[in-house]
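A.B. asks: Sequence:
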Amino acid sequence: MEISEELQTVYSATVEVQDGEYYLLVPAREIEIGSLEVEESVRVALLPPASSTTIQDDAASSLEPQTEPDESTGPPVSEGETREVDIESIGDRGDGIAKVDRGYVVIVPDTDLGETVTVEIEQVQDNVAFATVVDRNLRQTQ
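Quick note: the sequence shown, position 129, residue 128 per numbering that gives the first Met the number 0, numbers continuous.
Just so you know, not all the hints are guaranteed correct.
What the hints assert, rightly or not - What follows is a set of in silico ranges between Cβ atoms, one per label pair, in the way DEER data are often shown:
# : residue 1 : residue 2 : range
1 : D134      : L23       : 32 to 42 Å
2 : S40       : D91       : 16 to 26 Å
3 : D18       : E119      : 15 to 25 Å
Just so you know, these hints were derived from the structure itself, not from any lab.
All residues carry an ideal CB built from backbone N, CA and C; glycine is no exception.
When you get a sec, could you build the whole thing from the sequences and use the hints?
C.D. replies: Written as structure tokens, this is what we have:
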């Protein structure tokens with residue numbers, strides 16, 4: 000699966016029906032953090048249900064690793080880098096999702112929504128990085 004470099008957010012939604020029309024509900028958090036704006040037109044990509052695949056598996060298998068990130072256009076993180084991140088949402092498989100510079104997505108397993116953690120970046124792809132927790136900070140975001 001190809002992931003566009005223009006990816007701004009990743010979240011799960013359920014198709015809902017109201018008055019004979021179908022809707023995907025956008026989590027309020029996406030509006031609050033500025034990923035989306037009310038009445039903004041967006042493109043939607045559909046992934047298979049979590050039971051058949053995960054974002055991490057698809058991203059890791061379809062994108063070539065970035066060896067040296069270009070500071071202006073490449074990923075804003077490097078393998079081995081340590082960063083403090085806020086877990087802004089939770090993916091289908093329960094992994095925490097954080098965003099860093101330019102809305103770049105970092106997937107962090109074993110974290111909770113709203114948690115602030117220090118992570119080490121383990122794998123960097125064009126549009127997503129995978130990290131592990133190296134320190135669970137006492138401060139929690141609201």
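A.B. asks: Give me the numbers of the hints this structure contradicts, sorted from smallest to largest.
C.D. replies: Violated: hint 3 alone.
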